[in-house]
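Here is how the chains run, residue by residue.
2 protein chains.
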Amino acid sequence: MVKYPTGSLTPYAKENNKPFSLQNKNKHKKAKSSVNFSDRGMTLEQQINESNKFYLIQDIAVVHKKPTPVQIVKVDYPKRSRAVIKEAYFRQASTTDYNGVYKGFYLDFEAKETRNKASFPLKNFHEHQIVHLDKCLKQKGICFTIIKFVSLNRYFVTPASFIINAWNQIDKSSVTLDEIIQNSYEIKSGYRPTLPYLDVVDKFILDRN
Amino acid sequence: MVKYPTGSLTPYAKENNKPFSLQNKNKHKKAKSSVNFSDRGMTLEQQINESNKFYLIQDIAVVHKKPTPVQIVKVDYPKRSRAVIKEAYFRQASTTDYNGVYKGFYLDFEAKETRNKASFPLKNFHEHQIVHLDKCLKQKGICFTIIKFVSLNRYFVTPASFIINAWNQIDKSSVTLDEIIQNSYEIKSGYRPTLPYLDVVDKFILDRN
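These protein sequence lines map, in sequence, to chains A and B. In this text, residue positions in the first sequence follow UniProt numbering: the first is 1, and each later residue adds one. In this text, residue positions in the second sequence follow UniProt numbering: the first is 1, and each later residue adds one.
Honestly, the hints are just simulated from the structure, not real lab data. Possibly wrong hints are sitting among the right ones.
No copy labels: a pair is met if it fits in one copy or bridges any two.
[As the list claims (entries may be wrong)] Below 25 Å or equal to it, Euclidean Cα-Cα: the simulated PhoX-like pairs (lysine-lysine) are:
1) Lys53 - Lys138
2) Lys112 - Lys123
3) Lys188 - Lys53
Chain A on its own, in the form it takes in the complex (with noise of 0.2 Å):
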């Protein structure tokens, strides 16, 4: 690691600025190196996370992704320098990954990328994700997954009742494009926003009405 003159480990840290992920570490590389239109060599979560930069500039919508749960047990307090975390654990979650607030409403959502061509597998979701969805759809949120078919290139926004409603049924371990397409709306990706899945949320709210 370079360590620069006053100790300080900023700049070196300030490459790597973005939530960590696991998962999307090459790809995150990948995506780097490569020259970025729209959607090419973008995760899904950077699609939604620069979506939601600008929907927050432009003052449409306040949504943000949770920071991943960390269990902090040692830190370092060096001097001249920010604080150290020497030892942390990974915690379970206990909520989706991204919420906020759009026209008075409160927007709850998990995104889940697949490699598969017909079919999502629904081991890709996590118990306390549709628990913490359920929760939500009770208290009148506006609650949905967004859905990327990679190999193909196709984005859903699926409402999270859909979701729900088949992980909830013991035989059944995925759900089929053909079944996403018809309880969903497709988006396609773009310039800005990114990907656009506010304008499937207008019509979640018109559904309401």
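Since chain A is already given, all that's left is putting chain B on it; use the hints.
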């Protein structure tokens, strides 16, 4: 540290399962060793977390504290043991600590303690918290702060608009207790929930209609 036969740190970890907070580390221990009558020995954060747990279990509201944002640099994967984060840094948060959904409304708030007896110093708020509360207000979220005067054992639910206005006055470094009384609803700590702040949210909802 106790290493268990499997090499797992899980039993040790479980004791530390609560979100880490530098300031509250010692208070935390104190709270554990004392019998817990209502708010006695609990920090404001603990009181709110307890209340949120109650609201969640009773299907009254879904409100969670956001995890501390951490930028992870190095992770070890020991055999037969869970991943250990070996190097990480605290990141600047971009939101408040708490948000969630209640009866279709988006809630967003920050909790602050002071040992002062006659005023609340505005430097307790960080700029990003004020900016975030303002952004959420524009999206019609219900935004507020819960202020605890520790020495007085008094709790106030204060609309974010009041705090933002005070913060934006250049010559103002604190708000007096009187100002807080005039612009807030006072709540009393109790048993179930520990801090019934949703009673005030109900008033905010009524005021709105």
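Hints and how they fare:
Proximity of Lys53 and Lys138 under a CA criterion of 25 Å is satisfied inter-copy only: 16 Å between copies versus 28 Å inside one chain copy. For a Cα distance limit of 25 Å, the shortest separation of Lys112 from Lys123 inside one copy, 11 Å, qualifies, whereas the shortest one across copies, 40 Å, does not. For the identical chains of this complex, Lys188 and Lys53 are intra-copy neighbours only, at 18 Å inside a copy versus 39 Å across copies, given an alpha-carbon limit of 25 Å.
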